[in-house]
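Q: Sequences listed follow chains A, B and C, in order. One gets this note's numbering by counting positions in the first sequence from 1 and adding 12 to each. One gets this note's numbering by counting positions in the second sequence from 1 and adding 9 to each. One gets this note's numbering by counting positions in the third sequence from 1 and adding 111 to each.
Calculated directly from the structure, the hints in this document are not laboratory data. Careful: at least some of the hints might be erroneous.
As the list claims (entries may be wrong) - Derived Cβ-Cβ restraints for the label pairs, each shown as a range:
id: 1; chain 1: C; residue 1: Tyr-135; chain 2: B; residue 2: Gly-190; range: 44 to 52 Å
id: 2; chain 1: C; residue 1: Tyr-135; chain 2: B; residue 2: Asp-19; range: 32 to 40 Å
id: 3; chain 1: B; residue 1: Val-41; chain 2: C; residue 2: His-211; range: 53 to 61 Å
id: 4; chain 1: B; residue 1: Leu-88; chain 2: C; residue 2: Tyr-222; range: 38 to 46 Å
id: 5; chain 1: B; residue 1: Leu-33; chain 2: C; residue 2: Pro-212; range: 16 to 24 Å
id: 6; chain 1: B; residue 1: Val-20; chain 2: C; residue 2: His-139; range: 22 to 30 Å
id: 7; chain 1: A; residue 1: Glu-124; chain 2: B; residue 2: Gly-190; range: 48 to 56 Å
id: 8; chain 1: A; residue 1: Thr-118; chain 2: B; residue 2: Leu-33; range: 49 to 57 Å
What the hints assert, rightly or not - Chain B is nowhere near these chain C residues, computed Cβ spacing over 12 Å in every case:
id: 9; residue: Val-120
id: 10; residue: Lys-123
id: 11; residue: Ile-124
id: 12; residue: Leu-163
id: 13; residue: Ala-184
id: 14; residue: Leu-188
id: 15; residue: Leu-200
id: 16; residue: Gly-201
id: 17; residue: Ala-226
We treat Cβ as the ideally placed atom computed from N, Cα and C, and that holds for glycine.
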Amino acid sequence: MSAEFIIGHYNYWIIVILMMAGLYVVLARGNLVKKLVGLNVFQTSVFLLYITIGKVHGGTAPIEIKGAYDVVYSNPLPHVLILTAIVVGVSTLAVGLALVVRVRETYGTIEEDELVEADLVAEFGEAGKT
Amino acid sequence: MIEEAALQFDVTTAIDIILMIFLLISALAIVVMRHLFSIAMVSGVYSLLSAAFFVNLDAVDVAFTEAAVGAGMSTILILGALLLTSRREKITPNRSAFIPLIVVVVTGAALFYATFDMPNFADPNSPANTDVGLQYIQRNYDDIGVPNIVTSVLASYRGFDTLGETLVVFAAGLSVLVLLGVSSAGRLTGREDET
Amino acid sequence: MNHHLVLRVVTKILVPVILLFGLYVQFHGDYGPGGGFQAGVIFAAGIILYGLVFGLDAAKQVAPPLIVQRLMAFGVLLYAGVGVVTLALGENYLDYDILHPDLEHHTGQHYGILAVELGVGITVATVMMLLFYGFAGRNFDIKDEDW
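Between the sequences and the hints, there should be enough to build the whole structure, so can you do that?
A: So, in structure tokens, the structure goes:
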């Protein structure tokens with residue numbers, strides 16, 4: 013592994029670690045709000061990956077400078093995709109949180125284990141308790 | 010010109026590394042912490058840091074959105090949800106941390122392996138930067154005549170796409186309206202069992 | 112929050128500036144960073160700040176939920192309507208060139224982008240306000256000691 017290879021790729025590696033941190037929270041933690049925050053971390057790290065891909069060496073922000081022809085611009089396409097994805101992301105986060113609020117109002121808890129147990133008890137009576 | 014570009018790249022890389030370290034720290038803090046209020050705040054910090062990262066990589070529009078939406082709106086929404094649910098994550102000894110860890114490590118290893126084929130960071134000749142993206146930059150002035158290329162791609166070239174995204178936002182608004190209900194006059198909609 | 116005098120005074124100064132900045136971002140999106148998505152969120156943030164400091168009722172008087180709900184649909188309709196107009200004028204859906212005969216300066220494109228971004232801005236702003244109303248307007252039964 014040359015130094016150039018490391019400098020060219022460390023961004024991706026750190027982004028993979030961030031992504032996996034988010035995924036771990038989603039899988040390992042039972043609290044529904046924390047799961048959503050983990051999902052948010054995962055999502056943001058995907059945004060970071062896209063923007064990293066769109067960067068061009070020595071480039072500038074993709075806003076055209078009048079009369080200048082030798083300017084290098086960064087790739088605008090990932091920016092557009094991520095721009096809309098961020099707003100859609102917060103909307104879906106809101107839907108998720110609204111669902112969590114309704115779950116809490118119905119069950120009185122937002123811990124996954126307790127929810128499963130409450131469901132079992134509701135279906136099989138006391139025998140459903142683990 | 011070339012030397013100037015190299016210098017700029019160095020500064021960009023230095024800021025990039027610092028921001029990446031901060032991002033790592035805040036992501037790990039989110040994993041470790043159990044107090045949900047702190048988690049909401051740290052996730053706001055995480056969003057703001059990624060906004061700074063976007064500015065560093067020339068994505069000013071994205072940074073703008075992330076700062077307003079990620080650091081502002083989502084934090085408020087999470088806090089609002091915390092007010093209605095619980096403050097603290099319960100410690101669950103029965104829950105195995107082992108299986109998720111294996112899943113994460115295996116997935117991470119696969120992704121890590123995939124990055125070896127990726128083009129170098131900021132490579133102007135990478136497939137992503139030479140095809141469609143470059144076309145937008147070259148043709149924007151003749152086709153649209155709007156200086157901000159992001160706006161012209163967003164609203165004109167990919168207008169259908171954005172229409173779809175707007176519909177998704179609208180649908181999300183509708184679902185929250187259905188799930189939580191918004192009264193037009195009074196303070197509360199109240200829950201079914203209380204009204 | 113009646114005793115937070117500093118917050119109230121600062122909010123009163125800040126809210127108009129935030130709303131004005133939202134409008135600037137909305138209509139300056141062609142030339143600088145910005146556009147409908149950002150402007151919508153910033154505009155909504157102004158109203159939400161007002162609601163956080165002066166109470167939900169005050170915010171609902173400024174932006175009544177009934178009007179907000181209708182504007183939410185209006186934004187999407189405005190966006191889709193621009194497409195219908197271009198169709199009616201004999202071009203493809205959302206092909207703005209037909210909106211104005213001045214092809215030299217791309218005036219049609221400018222009009223189209225402005226209208227479309229306005230639709231996006233209205234929808235995003237109203238949806239964000241509605242999200243805030245939804246979460247803030249609900250009963251909570253958690254005691255302060257639990258923090």
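Q: The structure should be examined with respect to each hint, and the outcome stated for every one.
A: Verification of the hints:
In this structure, Tyr-135 (chain C) and Gly-190 (chain B) break the distance hint of 44 to 52 Å, their C-beta atoms being roughly 34 Å apart. One distance hint, 32 to 40 Å for the beta-carbon pair Tyr-135 (chain C) and Asp-19 (chain B), holds here, with the actual separation near 35 Å. Between Val-41 (chain B) and His-211 (chain C) the C-beta distance comes to about 58 Å, which sits within the given range of 53 to 61 Å. Taking 38 to 46 Å as the suggested C-beta distance range, the pair Leu-88 (chain B) and Tyr-222 (chain C) conforms, at roughly 40 Å.
Hint check: Leu-33 (chain B) to Pro-212 (chain C), Cβ distance near 55 Å, so the stated range 16 to 24 Å is violated. Between Val-20 (chain B) and His-139 (chain C) the CB atoms are about 28 Å apart, so this pair conforms to the stated range of 22 to 30 Å. At about 26 Å, the CB distance of Glu-124 (chain A) to Gly-190 (chain B) disagrees with the hint of 48 to 56 Å. Between Thr-118 (chain A) and Leu-33 (chain B), the C-beta spacing of about 38 Å breaks the proposed range 49 to 57 Å.
Residue-level check passed: Val-120 (chain C) sits 21 Å from the nearest beta carbon of chain B, beyond 12 Å. With 12 Å as the threshold on Cβ separation, the claim that Lys-123 (chain C) sits away from chain B holds: the shortest Cβ distance comes to roughly 20 Å. The Cβ of Ile-124 (chain C) sits about 19 Å from the closest Cβ of chain B, beyond the 12 Å cut-off, so the non-interface label holds. Residue-level check failed: Leu-163 (chain C) sits 8 Å from the nearest beta carbon of chain B, not beyond 12 Å.
Listed as outside the interface, Ala-184 (chain C) is inconsistent with that label: its C-beta sits roughly 7 Å from the nearest C-beta of chain B, within the 12 Å cut-off. Separation of Leu-188 (chain C) from chain B is inadequate, the least Cβ-Cβ distance of about 10 Å not exceeding the 12 Å criterion. At roughly 15 Å, the least C-beta separation between Leu-200 (chain C) and chain B is larger than 12 Å, which holds for a residue marked as non-interface. The beta carbon of Gly-201 (chain C) is kept farther than 12 Å from every beta carbon of chain B, the shortest such distance being approximately 17 Å.
Residue-level check failed: Ala-226 (chain C) sits 9 Å from the nearest beta carbon of chain B, not beyond 12 Å.
Hint violations for this structure: numbers 1, 5, 7, 8, 12, 13, 14 and 17, all remaining hints satisfied.
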